[in-house]
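Q: As you go down the protein sequences, you meet chains A and B in turn. Residue 315 is where the first sequence ends in numbering that gives the first Met the number 0, and the numbering goes up by one at each step. Residue 152 is where the second sequence ends in numbering that gives the first Met the number 0, and the numbering goes up by one at each step.
In case anyone wonders, no lab produced these hints; they're calculated from the structure. The beta-carbon is built from N, C-alpha and C at its ideal position, and this holds for glycine as well. Hints are not guaranteed to be accurate.
Computed from the model, here is a short list of chain A residues facing chain B with C-beta under 10 angstroms [to be verified]:
hint: 1; residue: 232
hint: 2; residue: 238
hint: 3; residue: 240
hint: 4; residue: 244
hint: 5; residue: 267
hint: 6; residue: 268
hint: 7; residue: 269
hint: 8; residue: 270
hint: 9; residue: 276
hint: 10; residue: 278
hint: 11; residue: 310
hint: 12; residue: 312
Straight-line distance between alpha carbons at most 30 angstroms, and here's what the computed DSBU-like set of lysine-lysine pairs gives [claimed, not checked]:
hint: 13; chain 1: B; residue 1: 93; chain 2: B; residue 2: 33
hint: 14; chain 1: A; residue 1: 83; chain 2: B; residue 2: 93
hint: 15; chain 1: B; residue 1: 93; chain 2: A; residue 2: 152
hint: 16; chain 1: B; residue 1: 84; chain 2: A; residue 2: 83
hint: 17; chain 1: A; residue 1: 83; chain 2: B; residue 2: 54
hint: 18; chain 1: B; residue 1: 151; chain 2: A; residue 2: 203
hint: 19; chain 1: A; residue 1: 83; chain 2: B; residue 2: 146
hint: 20; chain 1: A; residue 1: 289; chain 2: B; residue 2: 151
hint: 21; chain 1: A; residue 1: 232; chain 2: B; residue 2: 151
hint: 22; chain 1: A; residue 1: 232; chain 2: B; residue 2: 146
hint: 23; chain 1: A; residue 1: 104; chain 2: A; residue 2: 232
hint: 24; chain 1: A; residue 1: 232; chain 2: B; residue 2: 60
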Amino acid sequence: MQGVPQEIPREEALSAWCSGRRSWCGAALLVFVTFSVAAETTAEIERLRERGAYVLRASGCVACHTDEDNGGQFLAGGRAIETKFGTFYSPNITFDREQGIGAWKAEDFFRALRHGIAPDGTSYSPVFPYTSYTRMRREDMFALWVYLASVAKSARKNTAHELAWYVRPRIVNRVWKLLFFESGVFRPEPGRSEVWNRGAYLVKAMAHCGECHTPRTRFGALDETLAYAGAAKGSSGEGAPNITPDAETGIGRWSRSELVDYLSEGMLPDGDFAGGAMAEIIDSGLAYLKPRDLDAIAEFIMALPPIRHDADGPEG
Amino acid sequence: MRIFTNTAAIAVSAIALSVGTAFTVHADDSAAIKYRQAVMRAVGGHTGGAFAIMKGQVPYKDNLLAHAIGLDQMARILPSTFEQKTQGGETRAKAEIWQDAAGFQEKIREIQTAAAGFLAAVESGDQAAAREKLGSVGESCKGCHRKFREKKP
Numbered sequence: 000m001q002g003v004p005q006e007i008p009r010e011e012a013l014s015a016w017c018s019g020r021r022s023w024c025g026a027a028l029l030v031f032v033t034f035s036v037a038a039e040t041t042a043e044i045e046r047l048r049e050r051g052a053y054v055l056r057a058s059g060c061v062a063c064h065t066d067e068d069n070g071g072q073f074l075a076g077g078r079a080i081e082t083k084f085g086t087f088y089s090p091n092i093t094f095d096r097e098q099g100i101g102a103w104k105a106e107d108f109f110r111a112l113r114h115g116i117a118p119d120g121t122s123y124s125p126v127f128p129y130t131s132y133t134r135m136r137r138e139d140m141f142a143l144w145v146y147l148a149s150v151a152k153s154a155r156k157n158t159a160h161e162l163a164w165y166v167r168p169r170i171v172n173r174v175w176k177l178l179f180f181e182s183g184v185f186r187p188e189p190g191r192s193e194v195w196n197r198g199a200y201l202v203k204a205m206a207h208c209g210e211c212h213t214p215r216t217r218f219g220a221l222d223e224t225l226a227y228a229g230a231a232k233g234s235s236g237e238g239a240p241n242i243t244p245d246a247e248t249g250i251g252r253w254s255r256s257e258l259v260d261y262l263s264e265g266m267l268p269d270g271d272f273a274g275g276a277m278a279e280i281i282d283s284g285l286a287y288l289k290p291r292d293l294d295a296i297a298e299f300i301m302a303l304p305p306i307r308h309d310a311d312g313p314e315g
Numbered sequence: 000m001r002i003f004t005n006t007a008a009i010a011v012s013a014i015a016l017s018v019g020t021a022f023t024v025h026a027d028d029s030a031a032i033k034y035r036q037a038v039m040r041a042v043g044g045h046t047g048g049a050f051a052i053m054k055g056q057v058p059y060k061d062n063l064l065a066h067a068i069g070l071d072q073m074a075r076i077l078p079s080t081f082e083q084k085t086q087g088g089e090t091r092a093k094a095e096i097w098q099d100a101a102g103f104q105e106k107i108r109e110i111q112t113a114a115a116g117f118l119a120a121v122e123s124g125d126q127a128a129a130r131e132k133l134g135s136v137g138e139s140c141k142g143c144h145r146k147f148r149e150k151k152p
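Isolated chain A, as found in the complex:
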């Protein structure tokens, strides 16, 4: 079976694909495995891998898990992420068995993205935005997994985070989750268009725009009353501007195509270019998206309720 990722046994891949699905899936699988035409399976895995590469880009995983500034290998981690609680170093998520996640089962991976729980049962810090990925569809998580299995492995050892003493114990993450996190799935809103719903899924379950553009409370939870209305510098790293369609403090004067241009190449309506974390998100992620998906993101953002909020102003 050419083209199948060697790291995932075919049965595990297929049964992970089936788990959580309707009961006939298992029966169908049996028939499929017995009578399968190898070429078809290969084509299906190829399709999943392609989808996985796309999900990885749309979800911004590359920006955090590749230490590009220091010439780090693709997805080998080691990138410093500054927060007010200290510096986190992203882990190696290649399939190296010792230093990466090569010894994980698909279920471990789903649990990390869906619930923020590591294979040893401890909880991850919400710096890893599982708070958004929890809404990702299972088939997209599975596609991600299949794709990751095909990425060149790296034996780079993980760097320990450098955190303030009070957030160092992993139990803190668990308490935080109890207070502020609920795992959930994405539910389309029936009253909205297909395009809006696709945009909502891309923004909330993948591109996690709100993790940067929504301000946080003292405890690091998103302040949903100011959703997408901009975060001051210092609340979570460098902060980010208001992207609700308010004409004064947000992007109310932008046209939809200007927003699409910005997301795909970084140019602002006045010829200026994005910088900071946004330039990274664009270059390592959004620039790879299909025009129809960027347009769906723009549809969702443009339909947000406008909020007048100057993130760096006197009230923060």
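Knowing the structure of chain A, use the given hints to seat chain B on it.
A: Relative to the frame of chain A, chain B by itself:
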């Protein structure tokens, strides 16, 4: 007595001078910042204009060369606008510009190479090459803004 008056006069004028320089440094900084931003807006104007033409959003194909020349010229004078290490003021320039001079120089080189490449492509009349080179110009802007400019408020 005369010695004293002379010394006093010198002291007073020295103080006046130092106060004067203190003020001029400030005034200079804000002029330098304004000038730097004006040049940057010119860079932005030519880049935005070139993109609008290349994408066919406006029909002024014949203006493309003027934008390419403008961009190339601005890229050449760009380093001078960062010669003065400004402190504070209404600026988004990060202190890293002067702390990591080699890294900043690299970004200057990138925009100069990209702008010269775009000009050459426009002059040759090769549309596809011009499109690609304009893309590299955009990359060079993002590359520098990513590291050396404070985020938009």
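Q: Decide, hint by hint, whether the structure agrees.
A: Right, here's what the structure says about each hint:
Taken as an interface hint, residue 232(A) checks out: its beta carbon lies about 7 angstroms from the nearest beta carbon of chain B, inside 10 angstroms. Taking 10 angstroms as the C-beta cut-off, the interface hint given for residue 238(A) holds, the closest approach to chain B being about 6 angstroms. Interface hint status for residue 240(A): upheld, as the beta-carbon distance to the closest one in chain B is roughly 5 angstroms, under 10 angstroms. Checking residue 244(A) against chain B: minimum C-beta separation of about 16 angstroms lies over 10 angstroms; hint violated.
Checking residue 267(A) against chain B by beta carbon gives a least distance of about 8 angstroms; that is within 10 angstroms, so the hint holds. The beta carbon of residue 268(A) is positioned within 10 angstroms of a beta carbon in chain B (closest approach about 8 angstroms), and the interface hint is therefore held. Because the smallest distance between the Cβ of residue 269(A) and any Cβ of chain B comes to about 6 angstroms, under 10 angstroms, the interface hint for this residue holds. The beta carbon of residue 270(A) comes within 2 angstroms of a beta carbon in chain B, closer than 10 angstroms, and the hint placing it at the interface holds.
For residue 276(A), the suggested interface contact is upheld, since its CB lies about 8 angstroms from the closest CB of chain B, less than 10 angstroms. A least Cβ separation of about 4 angstroms between residue 278(A) and chain B falls short of the 10 angstroms threshold, and the interface hint therefore holds. A distance limit of 10 angstroms between C-beta atoms decides the matter here; for residue 310(A) the minimum to chain B is near 7 angstroms, and the interface restraint holds. Because the closest C-beta pair between residue 312(A) and chain B is about 8 angstroms apart, less than 10 angstroms, the hint holds.
Pair hint residue 93(B) plus residue 33(B) holds up; C-alpha atoms about 15 angstroms apart against a cutoff of 30 angstroms. Taking the CA atoms of residue 83(A) and residue 93(B), the gap is about 19 angstroms. The hint holds against a cut of 30 angstroms. The straight-line distance between the Cα atoms of residue 93(B) and residue 152(A) is roughly 36 angstroms, outside the 30 angstroms bound, and the hint therefore fails. Taking the CA atoms of residue 84(B) and residue 83(A), the gap is about 28 angstroms. The hint holds against a cut of 30 angstroms.
Among the hinted pairs, residue 83(A) with residue 54(B) is inconsistent with the structure: their alpha-carbon atoms are about 42 angstroms apart, more than 30 angstroms. The straight-line distance between the Cα atoms of residue 151(B) and residue 203(A) is roughly 23 angstroms, inside the 30 angstroms bound, and the hint therefore holds. Distance check on the hinted pair: residue 83(A) and residue 146(B) sit about 19 angstroms apart at the alpha-carbon level, within 30 angstroms; holds. For a cut-off of 30 angstroms, the pair hint linking residue 289(A) to residue 151(B) stands: about 27 angstroms separates their Cα positions.
Restraint check for residue 232(A) and residue 151(B): satisfied, since their Cα atoms lie roughly 10 angstroms apart, inside the 30 angstroms limit. For the hint linking residue 232(A) to residue 146(B), the alpha-carbon distance of about 15 angstroms falls within 30 angstroms, and the restraint holds. For the given pair, residue 104(A) sits about 39 angstroms from residue 232(A) by alpha-carbon distance, which is inconsistent with the 30 angstroms threshold. Taken as a hint, the residue 232(A) and residue 60(B) pair is broken in the structure, with Cα atoms around 42 angstroms apart against an allowance of 30 angstroms.
Violated hints, listed in ascending order, are 4, 15, 17, 23, 24; each of the other numbered hints is respected by the structure.
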